[in-house]
Amino acid sequence: MKFIQTLLANQVLVSILLSALPLVFIVLMVLVVLYTEMKVAAHIQDRVAYMRTGWHGVLQPIADMLKLLQKEDIIPTKADNVLFRVAPFIAFTGTYVAYAVLPFSSIYIGSNINLGAFFLVAAGSLVVIGILMAGWASNNKWSLFGGIRSAAQMISYEIPTALGVVIVVMITGSLNLQDVTKFQDGGIGNWIVFGGPLPWTQKFMLMPFTLVTFIIMFVASIAEVNRTPFDLPEAESELVQGFNTEYSGMRFAMFYLSEYANLFTVSAVVVSLFLGGWSSPFATFMSGPIWGVFWFVGKAYIFMLIQIWLRWTLPRLRVDQLMFVSWKVLTPWLFVCLFAVGLILVI
Amino acid sequence: MSALGTYFYNIFHSLYTVIVGMKITIRHLFTRSATVQYPTVKMKIPERARNRLFVNIDDCIGCDQCSIACPVDCITIETIKSTPDMDLGMTSKNTKKRLYVPRFDIDIAKCCYCGLCVWPCPTECIVMTDVYEFAEFDRQNLIYSFSNMTVEEIAAAKERLEKYNGEQAVKKAAAAKESPASISIVPVTPPPINPEPPAVPDSSKV
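So the protein lines, in turn, are chains A and B.
In terms of the numbering used here, the first sequence opens at residue 1 and continues consecutively.
In terms of the numbering used here, the second sequence opens at residue 1 and continues consecutively.
Each hint should be verified, as a subset may be incorrect.
Now the in silico label distances, taken between C-beta atoms and shown as ranges [said to hold, decoys possible]:
1) Y16(B) x R318(A): 15 to 25 Å
2) R27(B) x N10(A): 55 to 65 Å
3) Y9(B) x R318(A): 14 to 24 Å
4) L66(A) x S2(B): 52 to 62 Å
5) I290(A) x K44(B): 44 to 54 Å
6) E153(B) x L66(A): 50 to 60 Å
7) K44(B) x E72(A): 37 to 47 Å
8) S2(B) x V346(A): 26 to 36 Å
9) W55(A) x S2(B): 36 to 46 Å
10) G189(A) x R27(B): 25 to 35 Å
11) K44(B) x F89(A): 31 to 41 Å
12) T284(A) x V18(B): 29 to 39 Å
13) W55(A) x M1(B): 29 to 39 Å
Keep in mind the hints are simulated off the structure, nothing from the lab.
We put the beta carbon where it would ideally sit given N, CA and C, even for glycine.
From just these sequences and the hints, can you work out the full model?
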């Protein structure tokens, strides 16, 4: 960053450049994830997915993107014009803003603020506003139902997520994700899933609770980004798609992009909170700023793969089951973990 | 089981079943996919599959049996009798050909691939092949003409037949003069049709 600053000698230019960096990353990452998702989906069903566009269809996501950008942008006459136009961008802003506090590497973090994890949880709520706005502005009762459904789901699952963050913050003593990652640096054993770099007694006592927290956090993060088995907000086969029924073209692409960007965000959050973020699993071997990006993105990618794998394994939950899981299973279990971790740390 | 027991059982059971499901899907992820890359790779079709019709017109004797058998009337055959002085050759099954076939059209768009036309053919000249890729942009292109006679040949055959028929008529007339006691066929007049239409029930009275 210092290097770029001296190169351009202009604070504004540098900040614009640095803030545009995650956008480039998002677009590239979405292309890769779209391709992976289609291929994994196909192969799980013993098919082969697209094979014609380029080698094994590698150019297909680009073609899909271009198609979406070229499509006509239809706005229903009875829709709330301003809100309808603005909603997808608010949803995307909510996801994009979260990239500011993700520690991609030991030297790169968009904004090194002390409230990183807190900011993430708050920015996640902005997506809910975008989705609710889209549902309302469509002036279509099914879209509105879809919007309300997603809002209910995302707000419910924000609580387990926030509690999971709190547990990690209790162990690390910092809300800054860069500090959280640095805390776990130095090999696989120091990761918070395995109790963190604490004295042996404490570590072994913490381990079951952090493991449970990790699993719950993972489940909650899947629900946060509306993916199967929690994809009620956009159950395209049964529930009239949801909040984005009336959207087409560029604005629909914006929701799509936001969804996949969010997929990476939650994976990255889980990775940096529990799995050591950019730190190498082999302590000093293969560690460094550039390797850091590799480890961070690689770990997040594995998580995305698991989410895709889950998507083609599990059926969708009912709304009441969804609420049951959030309020009666994940939240109480996290409270137990919170209490136990606090107790262990105090002793 | 108590309520609390059910609660814990459900949690662990759901976790367990998720793992079972994931085990199944990961196994399918690495099995060979069943897809055949169609235009480049083609599946072997069964030996006796019924697809596009083919007519070996050299063997056709113009008996019209296939056309009669066809349930959708997609075969149109026109024939011209040959004169005794012409030799049309033999079919591969040693049947003498007696008819010219100036038109043998199959509208493959109508064809229902039942194969009923194949069985009656006495010379086995109409067969179902294994060709199944014959889509066309124009429906007219799906009418296949199998006849190999040119317009001139058809005209010549017709002319020859007319000439022959004329000669025969002249011969017949000459023969009739010689023996006038020929049987004359009296046409039977059909019974008169009832001019009154059948009584239609008056709907206004009902």
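Legend entry - Hint check for N10(A) and R27(B) - Cβ pair distance inside 55 to 65 Å: Because 56 Å falls inside the window, the suggested range holds.
Inset, instruction - With respect to the beta-carbon atoms only, verify the hint that Y16(B) and R318(A) lie 15 to 25 Å apart. - result: Holds - the Cβ-Cβ distance for Y16(B) and R318(A), about 20 Å, lies within 15 to 25 Å.
Inset, instruction - With 26 to 36 Å as the target window, see if S2(B) and V346(A) comply at their CB atoms. - result: 33 Å, holds
Inset, instruction - Just tell me: holds or violated, for the beta carbon distance of G189(A) and R27(B) against 25 to 35 Å? - result: For R27(B) against G189(A), whose Cβ atoms are near 32 Å apart, the range 25 to 35 Å holds.
Legend entry - Beta-carbon spacing of W55(A) to S2(B) - inside the hinted bounds 36 to 46 Å or not: 58 Å, violated
Legend entry - Distance restraint hint 44 to 54 Å, applied to the beta-carbon atoms of I290(A) and K44(B): Since the Cβ atoms of I290(A) and K44(B) sit about 52 Å apart, the hinted range of 44 to 54 Å holds.
Legend entry - Pairwise beta carbon distance, K44(B) to F89(A), judged against the given window 31 to 41 Å: 54 Å, violated
Legend entry - Assessment of proposed distance window 37 to 47 Å (beta carbons of K44(B), E72(A)): Between K44(B) and E72(A), where Cβ atoms are some 45 Å apart, the hint holds.
Legend entry - Outcome of range test on Cβ distance (W55(A), M1(B); 29 to 39 Å): Check failed, 55 Å falls outside 29 to 39 Å.
Legend entry - Y9(B) paired with R318(A), Cβ distance criterion 14 to 24 Å: At roughly 19 Å between Cβ atoms, R318(A) and Y9(B) fall inside 14 to 24 Å, so the hint holds.
Inset, instruction - With respect to the beta-carbon atoms only, verify the hint that E153(B) and L66(A) lie 50 to 60 Å apart. - result: 58 Å, holds
Inset, instruction - Confirm or reject the claim that L66(A) and S2(B) have a C-beta distance inside 52 to 62 Å. - result: Because 59 Å falls inside the window, the suggested range holds.
When held up to the earlier numbered hints, the structure conflicts with 9, 11, 13 and fits the remainder.
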